[in-house]
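K.L.:
Sequence:
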Amino acid sequence: MEANTLVVFVNGVKHTEVNPSLETTLLQYLRTELCLPGTKLACGEGGCGACTVMVSRYNPTSKQIRHYSVNACLMPLVALHGLAVTTVEGIGSTKTKLHPVQEWLCEKGENCCQNQNAADTKKKICTKTFDASEFALYDRTQDPIFPNELQIETSYHTKSIKFTGATVQWCRPTSLEQVCQLKQEYPEALFTVGATLIGKGIRTGKIQGVVVSLSHVPELLDISSDDDNIKVGAAITLAQLHEYIETIAEIKNGETKAGLETVLDMLHQVGGHQLRNVVSIGSSIASGGGRSDVLTLLLAMGATSEIMNTTDKTIVCKEISQRMNDDGTCLLEQQEMITSVNIPYMSQGEHLYWHKHASRADLNLASINCGMRLKLQANSHIIEDLVLCYGGVAKRSIVAANVKKEATGKAWGKDLVAVVCRLLESDIDVTINKDGSVDYKKALVSSLFLKFYLKINAIVLSQPDPSPDMSSVRSHPLSKASEIFEDVPPEQAAEDTVGRPMVHKAALQQTTGEAVFCDDLPMYKDEIHIALVLSHRVHANIVKIDASKAESMSGVLSFISFKDIPNQQSNIAEHVFADKEVRYEGHVIGAIIAKTGAFARAAANNVLVEYDDLPSIVTLEDAIKKENFMAGHPVVLKHGDIDKAFQESDVTIESEIAMNGQEHFYMETQICRVVPTGEEQELEIVSSTQFLSELQTLVSEILNVPQNRLTVKIKRLGGGFGGKEESPIYVAAIASIAALKYNKPVRLVLDRRTDMRVTHKRQETWTKYKVGCSKSGKILAKEVSVYTNAGYTPGFFGFVPPASLFCLASDQGYKIDNFKLSAYTCLTNTNPRAPMRGFMTPPLALLMQAIMNDIAVKLNIPDAQIHEINMYTSGDHTFYNRELKDAGSLKVSWETCLNNSDYYKRRTQVDNYNRSSRWTKKGLCAIPIYRDVGMGFFRHMGQGAALVNIYKDGSVWISHGGVEMGQGLHTKLIQVASKVLQVPCERIHILETNTNCIPNALATVASHGSDLFGMAVKDACEKLVVRLKPYKQINLDKPWEKWVMDAYLDSTSLSAAGFYDRGPEYYQNFNNPYDGGKGHQYFVCGATVAEVEVDCLTGANRVLRIDATLDLGRSLNPAIDIGQIDGAFVMAFGLFVSEKLEYDENGFLVSKDTFSYHIPGSRDIPTQFNIQLLNTDSKEAVLYGSKGVGEPPIHMGIAAFMAIKDAIIASRKENGVAGNFQLNSPASSEQIFHLCKASSTYPSGI
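The sequence shown begins at 1 in full-length UniProt numbering and counts up one residue at a time.
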């Protein structure tokens, strides 16, 4: 085997690399060596898909080209020798030609809406999200990018190769004989096919020695079938196996076909497409593990593996169960290897079942899974064999041995269930609490058998399955949607785009990979890199830091820490670097500066820190018990006579509710590049921040450098949601310290795990409440105490408690005249908390919906009636005497939503369904939405600025203080400028946001970015219109360009600054809320109806339908606003239902990567998603009658949460449990399962 030069084709271009680095991933190669930044690094774990590329491989035997997607972040570059790679840049480009799919993605936002009917030309409706028939079928045999050389030169595929690194050799043999020779020469050599895990091990230094890739060994790539089973070569990928079984299943029938369909269900739930395309059946068995989907089902099927001795070439065939280690890996001697796997067909009377329960349907490891096989004797119900195999319960998948023994010979029937459930308690010893407690998993073991029992009965009796499988990905329908909004008036000028569904300004750039984000900026020749050194203690004194070993490593320049901060007296100094004390796990202690990011990361792991542990408080509950509150707390606000109101109440209810925190999980992590630009400590800071001016201010303070020496700028963010308001300041400060120290460009990019360990989170809250109401459900009195976990420092929550009280007093759309509100900010040794989309209102809105539900249940009055009797109406005033001029819109939104959704009809249908369905329940809930927009915390929080330049050719350039982070802010502001100037949008450009053009700008938060900066743009453009008016009047028949040139030649300024100030009347003094301030700019009204389905046997749930109505005044851009509503709901579903921010008992963050923290996936999107925008004339809206959209729809997720509670109520009622109960957020499947009380009724209740 000879050493070879690596050859790989990228987008049709041949690239050769001599002695390639084995540590380099395809992603690193694309981005750093080939300068193709369209493929992104978002998680680095294959858990998000941002790094997806297409790989194409030619098979010289079949003469076929196989195209498949892979995760470039996991794929070692050396694994791609002789293959072709296509990135997003290779699909299409704005500079050449767009691919039809790219065009479709861009145009759909603008052109998907058609007239609803001929009689109603004002309303537009979009009734679908995707239709496969719109595209021609993809021809796998043709690809213009696939190079002819790879088809002509067979040596790429038939010649063995070897690449040698410092500690690892990569060998790719092309025959089984060569594999045996390598194994004899290197007995400890490791085998791989997809290299997803081994590649990571090589990069981290955990794997050394020889790695043998089996991807090009023909003997291991064969797949065939006979009358009894399918024989699968060990190197066949799960995707190839899936494709083959689909073909076989089409020609089979009966139990055989059903069994194959079950295998397909399982395969479809293993990882994502990218993973299944490279992971082989052999490696799935060899690596095994306690949560393996493949292994669990194959064990139940009695599959066998053929194992070859590479020394004497002998082969033995054994059941997989006979060759398993205690950790679930395959029991192989050093000289042995798996060559093939035999998957048996199900025969007549044999039934196969598969179930995977996970916290998310897509791309997730199992919380618990099971494979179950029943074989009945011919023409009878006598059991010949019963195999129950469970994964996710221990270090290896477990087969229930006693069940198998005791069940054989017994009749399949109801009496068997109790026997099996009893035996399972001893057979399946649950020891793993990953993604579910031990008690929960113990209960699921029996529940899953019951689901199997019900399914088999349904098959035998030819009846519908009474407990359908919600985990089946293949059977999950694609989501459909309708989007209704009112078209612009017919008299509106064609060139006036305000109110039209314009496509996002950067849509083409984003679908072609041309959109530039911070880390896409080209690297300077002498650029240096930083890696952070983090605390591994929750609370401790720093005794000693020893960075000597790290600083002696290759490529390392130095270690910096608190002592290197120029202004150590700054209030934020200890948030940049911990000084003498660390106060949470992940607290930044220092940073390594090195020549490359790889050098820096390697050295950071070798900084030694000695600690002296201190007592810690790691839970909100502990903080409350120990009264570890912020000084001066609680803050209390009273209104009315609460004591008298409670006395007059017919009913009093007391309860509590908790809401967990949430990870911001922006796709682009915290990133900063700092470049010294010349003299006098001038720095250019490119940061992924939402708050440029605050970053400039505080970095200036840390450096002891005037703010006018620092230019902060950014073109766009890859998501923010509030998480890029404060955290970027500390990242930029560290990078700036290094830049000044070395006078070189510096780049600091946080990997996903570091980002999640270091950065701020959404606040966690616990609220206890007492409410008094009349017999009709009218709330007369409310007493609330809300406890907020602020993390290790008050931060934002230093001023939030009064604001929280204000929001509570506003009551989220309900008029309550008597209340007492107490707010406590609690300090814990956990990550700091910061605003996240919705900020203060989600826990408070959740509280109000819990109260409404409690009242409805207590009084046995329909929920809708309780909402209506307490809802604000037109003419109402807040407790601080602000007139709610748009309050009438709340009732209009509510009634419109109920009518559009057929709420009352569906309420009857859901109730009927629940009466007839024993094991699944549906829930239906309608809630109003009433959310403020704008901030009245301080007088200055209502200003916006902009600069508009017109150039001699007539093109227009805009700079404003807002930040584009995907929400379409630039697009809307271009529409505003186009309207005022009467210039086509194509002639207007926004380059970036920077502090040189717009100083002192507010953060782009609180949903009022388009208000503040749109009004500023409008102001600037109106000034320019006035200046151009004389030249236009002289030449009315001449084009815009003529007026501009005439003005220029007449020495008229073609540049104008715009400014907007909301006014002092909106400032709300929270210490004295009765001083007359209005507080917020306006309120957004709406309503949501949610329908869900719950599996009472597992707690799994899915959203069947969402109907939402939102009054955004006169929307600036309905397409963008509806997109924001879509995204807000999915994020809210994560907050209230599926996401869990988890710390262990020691205070260490558990949920710190994509495998332990699960944001919603594509199959969490409602099956039917209907949105309508009301078009109203607001008395309070600012910019052309429009209202902000970012945060109000986050409350929509509460409707899904409450619908789940409605389904739980139905289950409890059937199981004889009545009355109120506490459902906390998130409504996890474990919580749902226990509250349903279904398990208390079986096996006797089946």
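Source of the hints: derived by calculation from the structure; they are not laboratory data.
Watch out, some of these pointers could steer you wrong.
[Said to hold, decoys possible] Computed cross-link-like contacts, PhoX-like style, restricted to lysine-lysine with a CA-CA straight-line distance of at most 25 Å: (1) Lys525 / Lys313; (2) Lys405 / Lys480; (3) Lys442 / Lys455; (4) Lys395 / Lys405.
K.L.:
Take the hints in turn and mark each one as holding or not.
P.N.:
Going through the hints against the structure:
Distance check on the hinted pair: Lys525 and Lys313 sit about 53 Å apart at the alpha-carbon level, beyond 25 Å; violated. Using a Cα cut-off of 25 Å, the hinted pair Lys405 and Lys480 is violated, with the two alpha carbons roughly 48 Å apart. Distance check on the hinted pair: Lys442 and Lys455 sit about 21 Å apart at the alpha-carbon level, within 25 Å; holds. Between Lys395 and Lys405, the direct Cα distance comes to roughly 23 Å. Compliance with the 25 Å bound is thereby established for this hinted pair.
In the structure shown, a violation is registered for the earlier hints numbered 1 and 2, in ascending order.
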